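Q: Chains as they are written, first to last, in the UniProt record's numbering: chain F, 1 to 627; chain D, 1 to 206.
It should be emphasised that the hints constitute simulated quantities derived from the structure, not laboratory data.
These numbers were taken from a predicted model, which means no experiment stands behind them.
Hints should not be assumed to be uniformly reliable.
With a Cα cut of at most 30 Å, we get these calculated DSS-like pairs of lysine-lysine [claimed, not checked]:
hint : chain 1 : residue 1 : chain 2 : residue 2
1    : F       : 362       : F       : 481
2    : D       : 142       : F       : 429
3    : F       : 429       : F       : 325
4    : D       : 75        : F       : 444
5    : D       : 75        : F       : 282
6    : D       : 33        : F       : 429
7    : F       : 481       : F       : 325
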Amino acid sequence: MNPTMSEETTQQTKDTTTTSNPNQSTTNSPQNDPQIRPRLPSRPSITSTPLSPLTLGTARSLRMAAPTTKTSFENAGKQPTRYSGFLDNNSMYSSMGLNGQSNHDNSDMFTIRTTPTLTIYPAGEDGNYNDAESTFTDRLEQMISRTNSDHNQKQAEDLFDDLHNPVIKDAKVFLILSDAGKLIYAKSSTDDEDQEDEDRYIGYVGLIQTVINSFQLDGSNFKSLIAGSTRLVVMNEAPIILVAVSKLNESEQDLTNQLDLLHSFLLSTLSKPQIIRSFQNKHGFDLRKHLGRADLSGLDALSNSLINFDIGVLVGALQSIRLRKTIRSKLNQVLLNNKNKDILYGLLVAPGGKLISIMRPKRHTLHTTDLQVLFSLVFNQFKDKKNNFDEDEELWMPVCLSKFNANGFLYSFVKFVGNFALVLIAANKNSFFEMRETAQNILKDMITKDLLAPLQEAIRRPITTLEIQVPLVYHFVFKSKKNLQYIVPNLPNEGNVKNLQKYYVKLQSSIDRTSKISITYLKWDSPIKSSSFPPSNSMTPSSSRPPTRSQSTISLSATLNNMNNSDIQDPNSISGLAWSTPNYELLVISSSSGGVKKEDLVTSARAIVNWCRKYEERLFVHNGATF
Amino acid sequence: MSATQGPRLAQFKLVLLGESAVGKSSIVHRFVKDSFDDFRESTIGAAFLTQTLKINDNTSVKFEIWDTAGQERYKSLAPMYYRNANAAVVVYDITQSASLERAKVWIKELQRQPNYQDVTIALVGNKLDLEEERQVSEEDAKLLAEQEGLLFFEVSAKSGDGVLNIFQEIAKKLPVEEQLNKIHQKSASKVNLQRPSTNNQTTCCA
Numbered sequence: 001m002n003p004t005m006s007e008e009t010t011q012q013t014k015d016t017t018t019t020s021n022p023n024q025s026t027t028n029s030p031q032n033d034p035q036i037r038p039r040l041p042s043r044p045s046i047t048s049t050p051l052s053p054l055t056l057g058t059a060r061s062l063r064m065a066a067p068t069t070k071t072s073f074e075n076a077g078k079q080p081t082r083y084s085g086f087l088d089n090n091s092m093y094s095s096m097g098l099n100g101q102s103n104h105d106n107s108d109m110f111t112i113r114t115t116p117t118l119t120i121y122p123a124g125e126d127g128n129y130n131d132a133e134s135t136f137t138d139r140l141e142q143m144i145s146r147t148n149s150d151h152n153q154k155q156a157e158d159l160f161d162d163l164h165n166p167v168i169k170d171a172k173v174f175l176i177l178s179d180a181g182k183l184i185y186a187k188s189s190t191d192d193e194d195q196e197d198e199d200r201y202i203g204y205v206g207l208i209q210t211v212i213n214s215f216q217l218d219g220s221n222f223k224s225l226i227a228g229s230t231r232l233v234v235m236n237e238a239p240i241i242l243v244a245v246s247k248l249n250e251s252e253q254d255l256t257n258q259l260d261l262l263h264s265f266l267l268s269t270l271s272k273p274q275i276i277r278s279f280q281n282k283h284g285f286d287l288r289k290h291l292g293r294a295d296l297s298g299l300d301a302l303s304n305s306l307i308n309f310d311i312g313v314l315v316g317a318l319q320s321i322r323l324r325k326t327i328r329s330k331l332n333q334v335l336l337n338n339k340n341k342d343i344l345y346g347l348l349v350a351p352g353g354k355l356i357s358i359m360r361p362k363r364h365t366l367h368t369t370d371l372q373v374l375f376s377l378v379f380n381q382f383k384d385k386k387n388n389f390d391e392d393e394e395l396w397m398p399v400c401l402s403k404f405n406a407n408g409f410l411y412s413f414v415k416f417v418g419n420f421a422l423v424l425i426a427a428n429k430n431s432f433f434e435m436r437e438t439a440q441n442i443l444k445d446m447i448t449k450d451l452l453a454p455l456q457e458a459i460r461r462p463i464t465t466l467e468i469q470v471p472l473v474y475h476f477v478f479k480s481k482k483n484l485q486y487i488v489p490n491l492p493n494e495g496n497v498k499n500l501q502k503y504y505v506k507l508q509s510s511i512d513r514t515s516k517i518s519i520t521y522l523k524w525d526s527p528i529k530s531s532s533f534p535p536s537n538s539m540t541p542s543s544s545r546p547p548t549r550s551q552s553t554i555s556l557s558a559t560l561n562n563m564n565n566s567d568i569q570d571p572n573s574i575s576g577l578a579w580s581t582p583n584y585e586l587l588v589i590s591s592s593s594g595g596v597k598k599e600d601l602v603t604s605a606r607a608i609v610n611w612c613r614k615y616e617e618r619l620f621v622h623n624g625a626t627f
Numbered sequence: 001m002s003a004t005q006g007p008r009l010a011q012f013k014l015v016l017l018g019e020s021a022v023g024k025s026s027i028v029h030r031f032v033k034d035s036f037d038d039f040r041e042s043t044i045g046a047a048f049l050t051q052t053l054k055i056n057d058n059t060s061v062k063f064e065i066w067d068t069a070g071q072e073r074y075k076s077l078a079p080m081y082y083r084n085a086n087a088a089v090v091v092y093d094i095t096q097s098a099s100l101e102r103a104k105v106w107i108k109e110l111q112r113q114p115n116y117q118d119v120t121i122a123l124v125g126n127k128l129d130l131e132e133e134r135q136v137s138e139e140d141a142k143l144l145a146e147q148e149g150l151l152f153f154e155v156s157a158k159s160g161d162g163v164l165n166i167f168q169e170i171a172k173k174l175p176v177e178e179q180l181n182k183i184h185q186k187s188a189s190k191v192n193l194q195r196p197s198t199n200n201q202t203t204c205c206a
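Please take these sequences and the hints and turn them into a complete structure.
A: This is the structure in structure tokens:
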């Protein structure tokens, strides 16, 4: 588990999608194309604890009490050799054909055919993989038999059905529960007015808790599971457990990052000690008692932004506002001139959490996740129904920035000025009036130094691909790794960034984190439906069809498809490039109707990189105002 | 933000207390901006607002208002907001009898303060527009207010009925002249013409 994921690890993540998605484990070898870098199965490097997906046999049949009930498990892809005796390719592929199925139309009621991939991580530093492997099946059987001792066979089957049913309905679900199995919060991509998410998922919670506990009995952590096109990721932050279920082809790391953000948000209002204390005496404590309307509305806002695709969370960075260097340095000067002794951090931020300027101690930076949480709180709190920001009000919000210190609260003074917010963070809860005076002085200086107008203008003026002169490029994300900030151009014709999610998710996960420089080219050149990429907004099972061999190509020249895409006119022409170096990360999506060749896209990408480097000091907040 | 010579301005600190969702923020926003938002976000921590009320031809009262979060979790922060308050508005929801019980607890807490005698307290029943859902009778609440020596109002932040009246009546009870005399004495030795409206703790709440 990963409670203290650092900024570095946020970037250096390893995606295991390819290796664990059975659809992609077929023929078309990428090695034929020297330009393409195959993604090797490797373990996620997200914590200091060595983690390794366990090999449990490529396909296993696990007998449940009824002979017709079959669940096969596939490992995360390492070496199937050890369990070659268990290999049953026919059954594997036949169930693969139905994966993403989970629809009951083509399976009889008593058969569950899925190819879930279980990744188990030993809890200890040097966990014994072999032991974990050999006991895995036993444990699952125990779990099922335990279940059976309480319920009848039919109910055991229902439990496994439950595992798949909700993910059929919803493209994405977040669940927060206590480790005693009490549902604390649920949010799905489906907006069902008749039924609250909590009610729909309450039955699901017991199963997850049973699975997690079953693994913990043996000192292992249950982390993720793939069932067809659905990935389930668990983050165990005992006494809190967070769960993400996604059909959007996000990697385990993507979802873990999202859960980490939700967890940080929960901590921001409650802090770690308060959560622990709540559960200390009463294991079955209902944490919802501590969550007020503000917290739930904040969780809703954050979950919705994650469901609707948040580029910043995907790339682990904050968006920055472009400003002339002279304006930046004048702003910094104004901040520093007015600094008072109680200020820890000062931030100027535009709606959407776009960073304008930061004032900070020389040796301390704030963690991206902390800032994402803070900005989410600030903008959600201030918004009225017309999405105007209230300038008459000044807030004094206690907030626990959990990466900074999960055990205590800081106090944020927040004031809106036109289209941006000034946030001053202090440790002293009694320093509101000092902060307020400082804020007034800062704003006065900004006016006298003529900074307000250019700043407000800069916030309104987006970056466009036109000014970089890359006509082939539809959209891009450029992340400066040093500054942990990114820029994106505005979308033409009011396009919706959500439509680009599947491309960006795939591009981002295609980066080879093991090498310094990684360039991958992806082409989505066919409208063929593939069960591995279900339409995010569709809930009809008919849209996911079994892929044929030729379609389920290996990831890189992968046939990603299924666009329903209003943003990009021609679904036959989407190509993308992911380019990562130690200094930056660039994701490009191209839009030419004839399809864009890799060489041409590389040329465009180089133009973007050159442009971004040329204007680096305009585009990103470098050190900010340090003291 | 400019210096004032003729008109006299007294500043007072006012705090709103009460259970979550009784409409504290809505009352403040009706008073400060004469607006109402059905979907107002629940307050985190506290919000600080100011509004100036003219009480006669050359005298105005500037209220510095702490709109606190009603949620139980923020209870421990409340003393910071009411400690130096000149006035407190304790709000309950006339459609929720439990909210009056919570209001009583707040009143008791205020009465334990050493400067309690100097604090003007108003008990305010909000959501008068939901008369048909009323759970707290006007008589009961009024009786409570009389027993405790509080001002009493029933208002609707949604329609605006009675909201301004709360602050006007409170202003009448505040020691305006006393404060203005103090300021006058002080200004002889020290005056800040540039930022008279900057909150100065020594003038209003020390």
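Q: Determine for every hint whether it applies to the structure shown.
A: Structure-based check of each hint:
For the proposed pair residue 362 of chain F and residue 481 of chain F, the alpha carbon gap of about 19 Å is at most 30 Å, so the pair holds. Our distance criterion of 30 Å between C-alpha atoms is broken by residue 142 of chain D and residue 429 of chain F, whose separation comes to about 36 Å. For the suggested pair residue 429 of chain F and residue 325 of chain F, the alpha carbons sit about 34 Å apart, so the restraint of at most 30 Å is broken. Annotation: proposed proximity of residue 75 of chain D to residue 444 of chain F is violated, straight-line Cα distance about 34 Å (limit 30 Å).
Under the criterion of a C-alpha separation no larger than 30 Å, the hint pairing residue 75 of chain D with residue 282 of chain F is consistent with the structure, at around 22 Å. With a C-alpha separation of about 28 Å, the suggested pair residue 33 of chain D and residue 429 of chain F falls inside the 30 Å cut-off, and the hint holds. With a C-alpha separation of about 20 Å, the suggested pairing of residue 481 of chain F with residue 325 of chain F holds against the 30 Å cut-off.
Of the hints listed earlier, those the structure fails to meet are numbers 2, 3 and 4, in rising order.
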